[in-house]
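Protein sequences, first through last, are from chains R and E. Note that this note's numbering has the first sequence beginning at 1, numbered continuously upward. Note that this note's numbering has the second sequence beginning at 1, numbered continuously upward.
Derived contacts from chain E toward chain R, CB cut-off under 10 Å, selection only:
no., residue
1, 6
2, 39
3, 103
4, 105
5, 108
6, 118
Derived by calculation from the structure, the hints in this document are not laboratory data. No experiment lies behind these values; they were computed from the predicted model shown. We treat Cβ as the ideally placed atom computed from N, Cα and C, and that holds for glycine.
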Amino acid sequence: MKEKIKKLNDYEWLLPKGSRDRMNVDAKIIANKKILDMIEDDAVQQLTNVTTLPGVVEPVIGLPDMHWGYGLPMGAVGAFDAEDGIISAGLCGFDINCGINLIRTNLTIKEVRPKIKELIQALFNAVPCGVGAKGKLRLSPSELDEVLLHGMDWAIKEGYSTKDDKAATEEHGCMDGADPSKISDLAKKRGAPQLGTLGAGNHFLEVQEVTDVFEDSGPWGVREPGQIMIMVHCGSRGLGHQVATDYLKIQEQAVKKYNIWLPDPQLSCAPANSQEGHDFFDAMRAAVNYSFTNRAVMTKWIRETFEHVFGRTWEDMDMKTVYALAHNIVKLEEHTVNGEKRKLYVHRKGATRSFPGQAVLIAGSMGTSSYLLKGTEVAMAKTFGSSAHGAGRAMSRHAAIKKFWGSKVKEDLEKQGIIAQSTHPKVLSEEAPQAYKDIEAVIDSVHGSGISLKVARLAPVGVAKG
Amino acid sequence: MEKYIFIDDLTSDVLFEAFGRDLKGLFENAAEAMFSVICQLDRVGHKESRAVEVSGRDEKDLMLSWLQELIALVDTEGMFFSRFSVEEISPTKLKAVIYGEETDPAKGETVVKGVTYHKFMVEKVGGVWKARVSLDI
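From just these sequences and the hints, can you work out the full model?
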């Protein structure tokens with residue numbers, strides 16, 4: 001399939017309609033040449049699969065962190081007409097509102113470096129992480145429904161979060177229209193004890209140092225090299241996984257009921273205006289609210305840990321949320337398509353919203369830098385207001401485990417001055433930096449194409465993983 | 001005959017094939033393969049048991065329901081499982097007893113988020129049952 005790709009410029013590549021049968025629209029990949037050469041042919045094929053779905057709006061977008069995923073590649077965007085299109089649990093992904101929070105501090109690397117081992121151990125103890133970790137909260141069914149319905153407003157009411165945190169969160173931490181009654185009892189049973197837990201795999205809690213400031217970040221408060229930041233990456237835990245599982249099954253039946261042709265069963269979907277479509281959107285919004293709240297609760301425990309280690313209040317350390325955003329999500333948005341304003345269901349899977357002036361956070365792999373960027377009008381014109389979300393894997397987890405020893409990965413990180421703490425060594429081998437694409441090439445692609453612009457580079461100092 | 005093999009085919013996820021001389025063996029081995037991704041099987045005991053009953057439209061749908069049920073049980077029971085005994089099975093219904101112990105992140109591996117439909121299949125080839133399963137982790 002890659003041989004059908006046509007170069008538009010140094011950062012944009014076209015897969016024209018007709019590259020395969022049944023394509024309704026073009027697909028486009030945003031990447032520099034180095035990244036394009038690394039993208040698997042299967043992932044490009046998956047991008048074209050999405051172009052065959054009903055009501056798809058041109059183009060289906062592959063982002064520079066794009067790699068093979070079930071259904072839609074990770075690092076991709078598919079937009080569908082709100083009247084004639086589809087909405088898809090498969091395109092959204094299992095970890096609904098997997099996302100990133102960035103918290104700033106006024107601490108410097110000189111203050112933090114001598115205490116980094118103590119700090120990472122304390123964070124590791126304070127934030128439950130790893131598969132099977134027990135959460136600290138026990139929500140009653142009515143409390144969980146409040147979280148699902150009100151998101152971060154619940155966290156503010158209960159003292160976990162602040163109005164400033166909410167203002168710095170995508171959708172202000174609560175998507176309107178969430179309906180807890182559309183979520184199964186099983187999903188709620190899984191989610192009730194897990195609020196405020198990090199999870200495992202590629203989820204992490206990282207202490208970072210600002211190494212470069214490319215432009216004035218204004219109210220985001222990222223000022224100069226040496227400033228300490230905190231990044232949290234995780235999602236909606238078992239609740240979101242179960243919502244996705246439940247609606248994949250429901251939409252598998254909807255595909256038959258509405259006679260939708262699918263090139264891949266993982267692209268299960270329902271007409272946007274059908275009951276099955278509405279139900280998924282209402283349930284997904286509730287899972288999104290759970291995930292925003294999950295990260296807000298952990299933010300409180302991170303602040304408390306810093307207070308304990310550094311002996312100052314979190315307010316005195318200026319530990320405000322810079323921005324909190326979602327990766328795996330479906331949004332009903334208005335976009336201008338060929339000069340016409342249209343309502344679209346924008347599916348971002350492993351993709352970040354990049355609206356003009358909005359903060360964009362792109363996470364590096366465990367030993368490499370992450371970036372704070374800002375959204376642009378170019379993104380509105382070219383990618384339905386979207387950008388990349390991370391480095392993107394270059395090697396399977398299984399291959400990485402066979403190739404890298406966790407203890408050696410930890411030792412190599414320590415040589416670079418990065419302290420890593422995990423529940424067991426194998427998680428460090430599967431997340432070894434070499435298992436990911438070069439984050440600098442991903443950033444060059446988003447910055448060079450103009451879909452988001454660099455503000456600051458953040459290098460890891462210490463990381464806690466599940 | 002091997003119980004299961006892992007295939008380095010998926011960049012982001014896990015793909016395995018499980019085998020069995022009959023449906024009972026196939027379903028037990030597929031469960032074990034999946035739990036070798038979730039936890040360190042050799043460190044997880046089998047002091048406690050849980051009864052499981054699932055149904056499906058056919059063997060393929062039954063496998064999907066079985067694995068999805070087991071993923072959910074890790075959260076709802078707070079347990080890792082290391083032994084799987086299918087007591088009764090037909091192409092549309094399964095009764096099993098599964099054995100394990102309370103979760104401990106130090107004995108964990110990773111969170112399995114879901115069973116995907118990618119390349120998912122259950123079939124009998126040359127007298128051997130085979131399942132291909134990809135997991136989102």
